[in-house]
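We have chain C; now place chain Z onto it with these hints.
Here are the chains, one letter per residue:
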Amino acid sequence: MPELTDIMNSIVLLLNFVFLPALSYGSQLALGALAVTLVYAILRFANFAQGDTMAFATVITILITWLLQKADITPGFMPTALLALPLAVIACLLYVLMVDKFVYNYYRKQNSKPITIVMASVGVMFVTGGLVRFILGPEHHIFSDGPRFIITAREFKSMTGLAEGLAIKTSQLLTITIAILLVGFVFYFLQKTKTGKAMRAYSDNKDLALLSGIDPDRVVRVTWILVAVLTTIAGVLYGLDKGFMANSYHQLLLPCFAAVIVGGIGSPMGAIVGGFVISFSEMLLTYAYKKFLLYLLPEILQPSGLVQFLGTEYKFAVSFVILVIVLLLKPTGIFKGKVI
Amino acid sequence: MSHYNIRVLVSFGTMFFLLLMVGFYQSWSLSLSILNLCLISAIMAMGVNIQWGYAGLFNVGIMGFTALGGLSAVLISKESIKEAVSAGGMKMLTALFIFSLAIGLSLFLYKKFKNKYLTTAIILVGYFVTRYFYRDAAQSIEAINPAFSGYLGGLDLPVLLSWIAGGMLAAGAAWLIGKISLGLRTDYLAIATLGISEIIIAIIKNEDWLSRGVKNVTAIPRPVPYELDLQKAGWFKDMVGKLYADNLELLQISEQAAALNNYISDASIILVKLCYSGLFLAVLLLIIILASLALNSPWGRMVRAIRDNEIAASAMGKDVTKRHLQIFIIGSAIAGVSGAMLATYNGQFTPGSYIPLRYTFLIWVMVIVGGSGNNLGSIIGGFLIWFLWIEAEPVGFWLADFSTSFLDKENYIRQHLLNNAQYIRLIFMGAVLLVVMRFSPNGILPETNKKL
Numbered sequence: 001m002p003e004l005t006d007i008m009n010s011i012v013l014l015l016n017f018v019f020l021p022a023l024s025y026g027s028q029l030a031l032g033a034l035a036v037t038l039v040y041a042i043l044r045f046a047n048f049a050q051g052d053t054m055a056f057a058t059v060i061t062i063l064i065t066w067l068l069q070k071a072d073i074t075p076g077f078m079p080t081a082l083l084a085l086p087l088a089v090i091a092c093l094l095y096v097l098m099v100d101k102f103v104y105n106y107y108r109k110q111n112s113k114p115i116t117i118v119m120a121s122v123g124v125m126f127v128t129g130g131l132v133r134f135i136l137g138p139e140h141h142i143f144s145d146g147p148r149f150i151i152t153a154r155e156f157k158s159m160t161g162l163a164e165g166l167a168i169k170t171s172q173l174l175t176i177t178i179a180i181l182l183v184g185f186v187f188y189f190l191q192k193t194k195t196g197k198a199m200r201a202y203s204d205n206k207d208l209a210l211l212s213g214i215d216p217d218r219v220v221r222v223t224w225i226l227v228a229v230l231t232t233i234a235g236v237l238y239g240l241d242k243g244f245m246a247n248s249y250h251q252l253l254l255p256c257f258a259a260v261i262v263g264g265i266g267s268p269m270g271a272i273v274g275g276f277v278i279s280f281s282e283m284l285l286t287y288a289y290k291k292f293l294l295y296l297l298p299e300i301l302q303p304s305g306l307v308q309f310l311g312t313e314y315k316f317a318v319s320f321v322i323l324v325i326v327l328l329l330k331p332t333g334i335f336k337g338k339v340i
Numbered sequence: 001m002s003h004y005n006i007r008v009l010v011s012f013g014t015m016f017f018l019l020l021m022v023g024f025y026q027s028w029s030l031s032l033s034i035l036n037l038c039l040i041s042a043i044m045a046m047g048v049n050i051q052w053g054y055a056g057l058f059n060v061g062i063m064g065f066t067a068l069g070g071l072s073a074v075l076i077s078k079e080s081i082k083e084a085v086s087a088g089g090m091k092m093l094t095a096l097f098i099f100s101l102a103i104g105l106s107l108f109l110y111k112k113f114k115n116k117y118l119t120t121a122i123i124l125v126g127y128f129v130t131r132y133f134y135r136d137a138a139q140s141i142e143a144i145n146p147a148f149s150g151y152l153g154g155l156d157l158p159v160l161l162s163w164i165a166g167g168m169l170a171a172g173a174a175w176l177i178g179k180i181s182l183g184l185r186t187d188y189l190a191i192a193t194l195g196i197s198e199i200i201i202a203i204i205k206n207e208d209w210l211s212r213g214v215k216n217v218t219a220i221p222r223p224v225p226y227e228l229d230l231q232k233a234g235w236f237k238d239m240v241g242k243l244y245a246d247n248l249e250l251l252q253i254s255e256q257a258a259a260l261n262n263y264i265s266d267a268s269i270i271l272v273k274l275c276y277s278g279l280f281l282a283v284l285l286l287i288i289i290l291a292s293l294a295l296n297s298p299w300g301r302m303v304r305a306i307r308d309n310e311i312a313a314s315a316m317g318k319d320v321t322k323r324h325l326q327i328f329i330i331g332s333a334i335a336g337v338s339g340a341m342l343a344t345y346n347g348q349f350t351p352g353s354y355i356p357l358r359y360t361f362l363i364w365v366m367v368i369v370g371g372s373g374n375n376l377g378s379i380i381g382g383f384l385i386w387f388l389w390i391e392a393e394p395v396g397f398w399l400a401d402f403s404t405s406f407l408d409k410e411n412y413i414r415q416h417l418l419n420n421a422q423y424i425r426l427i428f429m430g431a432v433l434l435v436v437m438r439f440s441p442n443g444i445l446p447e448t449n450k451k452l
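Those sequence lines, one after another, are chains C and Z.
Counting in our numbering, the first sequence runs from 1 upward without gaps.
Counting in our numbering, the second sequence runs from 1 upward without gaps.
Rather than coming from a laboratory, the hints here were simulated on the basis of the structure.
Watch out, some of these pointers could steer you wrong.
Stated by the list, open to error - List of simulated lysine-lysine pairs, DSSO-like, C-alpha gap at most 30 Å:
1) C:K192 x C:K291
2) Z:K91 x C:K330
3) Z:K114 x C:K336
Said to hold, decoys possible - Sample of chain C residues with no beta-carbon within 12 Å of chain Z, all distances over it, derived:
4) M8
5) F45
6) R148
7) F156
Each residue gets a CB set at the ideal place from its N, CA and C atoms; glycine is no exception.
Bound conformation, chain C alone:
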């Protein structure tokens, strides 16, 4: 029977390496998936440009952050990027509105098949990805500043006297707080405000909504505003956490889609739950449990290998596998794919 401190140590180990990272990554995914699901529900297409739009918004944030840092306007206790966020949201909004006006609007008015609009969004994905790589290149950029940790592993160890440390990064706390606030706001907006109700009506039955005098252009505009806010914040939080790299943002598309489908297409609640399902499965499946088991098992049973379900290089395959399982067993997803 392992001692109490061993059990505590093993729990802290999992909290530090699995639970906290999964929670913050899940929040970032949930915000991105929320944006995808809103577009799905209201504009009725799968937006393949989501990942690259997130990258675009983050690039704007990084540029503004660099300007602010040069001008020595840094808050100190939190990353400068948060000051740049409002401007980046506006830039992202202008960008998506422009894309909508020049690309999607035409197909919407033509009542094109959804797959044609999806294809157009793939075109937008490449143009956006090109812009992103043209501005910042394919390299890895770190743009977070200010204190990196709220509690470092060493402080935690000296506080509790355990062998394992629990480090809480500023970016993780920021991510979780902002995600909760933002999701709360989006739900309040959709459920309680008149515009939100109009959006839900439009998504439920477009013709009926048009008949009762809902302005479709306004619904579309407000949707893009929400999408721009969610996209920018998701992108910036992900970047603060893991650094910016154009390709990894592009690859966020798959977990975002997986989250949306797991939760049920068009369901905001589903997008959030789906985001956490994906992030926790990724972390749990690619974590090497060797050290964890060393604490808990008697010496005879102790493992020699890493005890890892899947190599970390296949992290993003996890979301695909989950996607496949959901498509095979329950294509409507957890929340029955009800539309908003």
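Positioned in the frame of chain C, the structure of chain Z alone reads:
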């Protein structure tokens, strides 16, 4: 002559003229390289056209299928590494056997008992047992001479066989994806193909025992003679000598031997590329004949009827999902064939070079610009876009250079833009796609038999 025929003649004539111009003003070798890659691109575009143009299936994972084709070129044609096979071959086979056993057993039990938990349990157990054997096998294979081999090698068969094998490998992958995602919402296929293509690339990059990963496989055997062999062959020397007899006579006797050698080496390069062109052209012709026969058969009419109105077609008793699956497999198989051809032509397999821009997106631009639903359209699209892609490379650089020319040479922004100028192609190709989709959705050669 009808309006359409004139369009065909003019577009192919222009393409022919462009390639001739490259030949005269740059070099014949370059012109032939462009032609060969144009031919391969045209075949890829045909694969996509069959999926999109015939059936409206949106496949964004072409990269994955071409990579599978490239992998098969390695697995079929490279010589096998005896030590690696004896060290880890059996273990790997055992792992594979256990894996397929677990899958087969779980499928069987699921069909019989419909019990999800039992099936999951068997898959999980099978996974862990497989993983145990697999790790051991992979390690012992990769340990053998990692700098030169470190993988199992291939079957040492003629490389041309790999073109068929690549098609079959891609078809197998397509069957799996199609089974899962066809019959559901139309955009699920797009999401699934996007995912699988990234995963195929990840596997090829990381499973060193299979493909050497990012260490690349070079010197894939050729289906055509090597330049050096040709240069030594007597008949070839005689032939070149006769061909250039007039030119040689104008020279001094002392210079003739050197000049002849020059001609021989130039001619050998060109002959090798011509051989490739012949092979590629044969494949292209075969595919286009089969595709147009299929398109104009009852099957083709059914497929187009499904594309234009799924509900009506299924009301007439047509099995929509099954037809979609067939078409998805056929199109992906063609992409696989072209991938194997490309690896053969390059003589190497470099997993790191598979990026969606080049292998998925560019092909889409070809199909849309050429005219979806029209096979000749995909071919002209493949030719034109590949030609532009090659010849536009300097244009992006020039643009970045020109737009920042007022800045200082050492200026940070100027340097930065020049470094990233290659990504202008991405923006440019995306814009071409969007503009053509919007303003000329029929492309250069519109679909001819739209009316049934």
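Which hint numbers does the structure go against, in order from smallest to largest? Numbers 1, 2 and 5, in rising order.
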